[in-house]
Amino acid sequence: MGGKSEPTKSESMATKTTNPDLLNSSFFSFKSLKLKTKQQELLLRISILGLVYILAFIARLFSVLRYESMIHEFDPYFNYRTTLFLTEKGFYEFWNWFDSESWYPLGRIIGGTLYPGLMVTAALIYWTLRFLRFFVHIREVCVLTAPFFASNTTLVAYFFGKEIWDTGAGLVAAVLIAICPGYISRSVAGSYDNEAVAIFALLLTFYLFVKAVNTGSLAWALGSAFGYFYMVSAWGGYVFIINLVPLYVLVLLITGRYSMRLYIAYNCMYILGMLLAMQIRFVGFQHVQSGEHMGAMGVFLLMQVFYFLDWVKYQLNDTKLFQTFLRITVTSAILVGGIALGVGTASGYISPWTGRFYSLLDPTYAKDHIPIIASVSEHQPTAWSSFMFDYHILLFLFPAGLYFCFKRLTDATIFIVMYGLTSLYFAGVMVRLILVATPAVCLISAIAVSATVKNLTSLLRTKQKVSQTGSTKGAGSSKASSKVTLDQSQPFQKNGAIALLVGVFYLLSRYAIHCTWVTSEAYSSPSIVLAARGAHGNRIIFDDYREAYYWLRQNTPTDAKIMSWWDYGYQITAMGNRTVIVDNNTWNNTHIATVGRAMSSYEDEAYDIMRSLDVNYVLVVFGGVTGYSSDDINKFLWMVRIGGGVFPVIKEPDYLVNGEFRVDKGASPKMLNCLMYKLCYYRFGELTTEYGKPPGYDRARGVEIGNKDIKLEHLEEAYTTSNWIVRIYRVKPPTNRL
Amino acid sequence: MKQSSVVDLLLLLLAIALLATPAFSDLVLSKVERRIDVTSQIARVTKTLKVVNSGSESVSEFILTFPKFLGNNLAYLSVAHSEGKGKSKRTLVNLSVREADSKGIPDSISVYSVTLPKSLSKGDTLTLEVVAAFTNVLQPFPEKITQGEIHLVMLQESAQYLSPYAVESQSLSIKLPNARIESYTKLENTKLQGSELKYGPYKNLQSYSYSPIVVHFESKAAFAVAEKLVREIEVSHWGNVQVTEHYNVVHRGAQLRGEFSRLDFQARPNPRGASAFRHLLARLPPRAHSIYYRDDIGNISTSEMQSDSKKTELLIEPRFPLFGGWKTFFTIGYGLPLSDFLFASEGKRFLNISFGSPILDLVTEKLIVQVVLPEGSKDISVATPFTVKQFQEIKYSHLDIAGRPVVVLEKNNVVPDHNQHVQVYYKFSNINLLSEPLMLISGFFFLFITCIIYTRADFSISKSSPTYLAKLQWDEVLATLQEVQSIIQKCLATHDKLEASLRDLSRTGDIQTCKAARKSTDSLLKDFSKELKPLLGFLQSSPIASHISPKVEELVAKEKELEEKLMAKHTTVVEGYEKKSSGRDIENRIASQQQKIIALRQEIEDLLEFIDEI
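Heads up: the protein sequence lines correspond to chains A and B, in order.
Residue 3 is where the first sequence starts when you use our numbering, and the numbers rise one by one after that.
Residue 6 is where the second sequence starts when you use our numbering, and the numbers rise one by one after that.
None of the hints are false.
Each computed DSSO-like pair below joins lysine-lysine, with the alpha-carbon atoms no more than 30 Å apart: (1) A:K91 to B:K400; (2) B:K36 to B:K73; (3) B:K353 to B:K400; (4) B:K563 to A:K456; (5) B:K601 to B:K565; (6) B:K233 to A:K91; (7) A:K734 to B:K149.
Calculated directly from the structure, the hints in this document are not laboratory data.
Using the sequences and the hints, build the whole thing.
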């Protein structure tokens with residue numbers, strides 16, 4: 003309708019201006035296509051969202067272009083292997099799968115010890131595609147699952163932003179999260195890990211819960227319960243939700259924001275979410291039995307007390323009486339709750355907090371008590387540089403966003419503030435939890451950006467409108483236009499706004515450049531294939547891992563047992579298709595400690611351990627030739643610590659000289675003769691690695707090794723990859739007794 | 006392995022000794038020349054046989070015999086006879102060969118019967134060219150070697166030609182690789198010239214003469230054997246033939262004993278790893294494109310490709326060097342232009358493509374060729390130069406409904422000599438080509454249709470629920486608002502017309518047209534205000550629009566005001582012209598009105614924008 007009136011207007015303008023130039027005619031055709039402002043806005047919004055959706059997907063394809071369509075890192079290989087199993091054998095086989103290929107001789111009940119969400123999702127996508135007659139390989143589905151869910155996350159971020167602030171903030175949040183390095187690091191194509199779908203599930207649950215709190219609708223609460231169920235099925239990080247949501251509810255209760263909407267949302271979400279979560283075997287009855295989940299239950303009960311008090315207050319009408327009643331009820335409720343908790347804990351019905359949970363609350367806990375958690379690099383406390391690396395400008399926008407949130411305090415903004423602050427604390431405790439904080443940081447920063455830009459543009463627009471009308475009519479009367487210019491009371495306000503806007507866009511474009519650079523340089527490496535630059539700038543590929551795993555797969559007996567440090571367990575089972583002693587699941591500390599003990603013992607002692615574990619091959623990773631620093635020698639102290647934690651025979655000081663870890667001539671004798679040292683440096687003393695350096699020069703540590711004459715008695719070299727990164731030894735059968 | 010072959014040999018000798026039966030027929034081989042080439046892992050035997058019929062009856066069948074231990078490993082056998090006299094005119098014509106039952110011939114001998122082109126009458130001669138390829142006859146000895154040892158193999162043969170016919174003159178030459186020769190059986194007339202070992206000539210030998218010889222020598226050849234090779238050839242009528250080959254390769258030479266030392270292999274590869282092979286060379290057809298080389302766990306980056314107009318050479322390096330007994334699996338794939346391989350004949354199309362593997366000197370124990378034809382192909386038949394096992398399957402690929410017919414050809418023990426072309430004939434109409442794009446198009450079409458239906462249709466369950474009713478009402482309010490807006494816009498447009506008439510007036514000075522314009526706008530504006538009334542009434546009555554209606558009313562009021570001001574201005578201007586006052590004078594008079602009009606117009610636009618954002 004509006005479109006119809008416009009052309010008449012412009013026609014009249016065309017007749018008015020006697021010089022019909024080209025510009026004018028194009029202006030005319032544009033005007034005739036003009037949609038209503040609302041439609042324009044919708045079109046813009048949808049196309050921006052569409053572009054962001056695509057952008058989020060393609061930004062994550064660097065790894066495929068640089069390397070190939072492959073699974074990355076360690077855990078994704080396990081996920082890939084299980085997904086393969088699921089698609090081949092079906093869900094029931096998968097659910098009841100006892101895997102004898104890992105944790106030999108214990109085995110592992112896979113169906114009961116994993117979060118099946120990721121695998122089931124990938125399998126469903128795979129089956130859907132097959133149903134639609136697209137016969138893709140399951141590997142491609144697995145590789146692209148993470149980018150696909152990252153794209154979906156941007157949509158959720160948009161709706162979440164819309165819910166807590168406005169559509170503008172939603173759009174900015176979608177763009178920010180689409181390319182935020184903190185999220186990309188875990189969702190590039192090929193990083194087929196639980197986090198890939200979990201962040202989507204996490205944000206979805208939060209969004210639906212906030213929506214439920216805002217509307218008080220049962221449907222949204224139900225949705226959030228299902229979102230929670232999906233999250234539980236996908237990642238152990240669901241504990242964050244089940245603690246953050248009650249905390250949020252508690253804060254609302256304390257700040258006097260209790261409402262019926264909150265009551266409905268929380269109760270529905272908690273009860274249904276709990277019941278649904280119990281269907282996941284790995285979680286089981288933890289919701290009612292484990293200490294980590296007790297907070298949620300306590301808040302649930304508190305809600306009932308609140309509701310009851312509300313009712314009593316309504317019935318009594320007497321404030322004094324109510325005050326006493328309140329006192330009695332609250333004390334008795336706390337008393338009963340406390341006693342129940344105490345009895346539950348004492349009787350062992352409620353399990354205490356796990357080590358992982360403690361280590362989140364207390365950053366120093368893992369270092370002292372659980373070396374196996376502390377040994378993983380992604381469990382280290384976060385350095386400032388990695389915050390800067392992963393958040394870039396968001397780090398500065400975050401406090402600004404908090405300011406805006408506090409200025410307009412609603413139930414929703416309280417939620418996002420709490421989410422942001424708690425997750426940022428956890429991100430400071432562990433590097434990998436930067437991921438959890440990323441959506442919150444993006445949303446809050448988006449609020450800052452959106453609110454700032456909106457303020458600035460509204461400033462600009464009011465001015466522009468006056469000057470515009472002035473100029474159109476100004477053709478008729480020069481006097482009017484001069485008057486309009488006089489009207490501008492604050493001339494620098496507009497210029498300042500323009501300068502600030504330019505500043506904002508400069509910052510945002512720097513952010514985009516930074517994100518692209520980080521994604522392509524730092525986060526797109528599969529870490530299975532290593533790439534380096536040669537002397538002439540050419541790209542050198544070290545494909546030693548796959549070389550070794552493929553050798554194992556093809557040239558060892560199918561029932562061979564491979565002993566290696568646990569980092570490589572998943573990869574050996576997935577790519578080598580052989581049984582391993584320990585793997586990345588790390589569920590049995592003693593078993594890992596046994597392997598650590600074998601690695602740090604003398605060869606004959608280690609041989610007895612290996613015989614008792616039926617080991618046929620030993621695999622070590624060695625970077626001395628290529629200068630690859632994350633090899634087994636550099637991890638060796640953790641093996642000693644973990645081994646020593648269970649077997650006191652192994653003492654860390656035996657491997658150190660004056661508290662220093664060295665491999666050269668000055669190293670301790672125990673170090674120079676332990677199994678790990680021997681296996682890594684076997685015949686290395688004869689090799690010249692670098693021009694001008696003596697033979698046996700270790701490039702990863704930059705020293706000449708201390709023991710060049712290594713003789714193996716019970717093992718023999720079975721295979722060493724072309725760059726010596728992986729070395730495999732065969733355990734000889736015992737010699738005949740005379 | 007070796008043990009059993011020795012037993013075989015003894016049995017054979019025993020059988021021959023016991024065999025006292027006379028010659029099979031009256032044929033006599035006047036001259037036999039045998040050449041055995043063992044430079045690769047395949048023992049390739051070429052024989053030239055001059056056959057004379059010395060009997061009285063004409064003969065149409067010729068018997069070829071091999072010791073069983075060779076016959077069992079026979080991979081390829083072709084017999085040709087040369088036609089025409091003189092060297093230049095000789096052409097080879099292939100003869101049909103079949104495995105015959107060994108009637109009257111000991112079990113330890115494999116028998117093949119050759120049908121002669123025409124029966125040989127008394128005294129006639131015929132020259133036969135026999136080419137035979139044997140696999141697994143070069144036995145590694147010792148069977149297990151360490152990394153540093155050289156690879157020695159052993160060949161067992163007979164110095165004399167084993168035949169049911171008497172042989173007048175014969176010779177044997179064995180071409181050995183240019184390397185160390187450990188030992189060989191010395192008989193009379195044995196000569197070693199360079200790398201060629203010669204036995205004979207031997208004259209006038211009885212039928213079934215046999216004298217075993219053993220040659221023990223170093224072989225540097227790659228003993229690459231594909232235990233299983235699946236070649237999938239997928240024909241797409243969009244212009245591509247996609248070939249995918251899955252290899253299970255094993256090194257069938259002497260097995261590696263003890264350690265594999267990378268240091269030795271790197272530093273001194275030649276003596277310390279001579280028995281291993283690192284590369285395989287595949288000679289692909291020219292114009293092969295999109296070549297890839299991968300295995301179960303990903304792409305293998307170590308391969309090189311060279312191509313020119315005649316061929317495409319692909320140097321494949323497995324992930325690890327293959328020592329004796331080591332295995333690997335890999336897949337190579339490449340696309341070929343359809344026009345080079347697909348032809349039409351007699352209303353049918355046929356695919357003319359090579360049967361065996363493009364890798365040089367590779368022995369394939371089990372070869373499965375799957376030719377995937379486009380969906381909808383009919384009347385499928387296959388022509389092969391040798392017998393293969395055939396059957397058909399169905400394969401599902403992208404966007405298939407009925408599935409694609411697959412012709413499967415299976416053959417055991419394939420050597421490079423089998424790299425001949427096979428033809429797959431089928432019928433296919435080009436209309437079928439369009440089915441898949443059409444499917445995609447219709448899929449998207451239905452997707453959009455459902456989206457449209459979903460957005461247009463009303464899916465609420467309870468038509469009487471308050472929220473639903475509220476929604477309906479709200480929709481109505483919105484529709485009314487839109488109408489109001491459109492009318493206001495129309496009013497504004499009319500105002501513009503009025504202004505335009507004023508400008509015309511200032512240019513032309515034609516007062517009459519201006520007045521006419523005024524009249525028409527007057528009537529138009531009246532109509533608009535009439536139209537507005539019921540809408541305003543509705544908005545006022547509707548409770549849901551309570552917060553909007555004041556704004557709308559304000560809008561309408563402002564519009565009225567603007568209208569009045571405009572009219573006043575118009576009257577002033579027209580009057581001015583009628584009084585013939587100067588333009589400046591008129592302008593001065595309307596200046597104040599003009600400002601108010603601009604302000605009002607601005608306010609109306611703001612209000613419109615506000616309403617628009619609801």
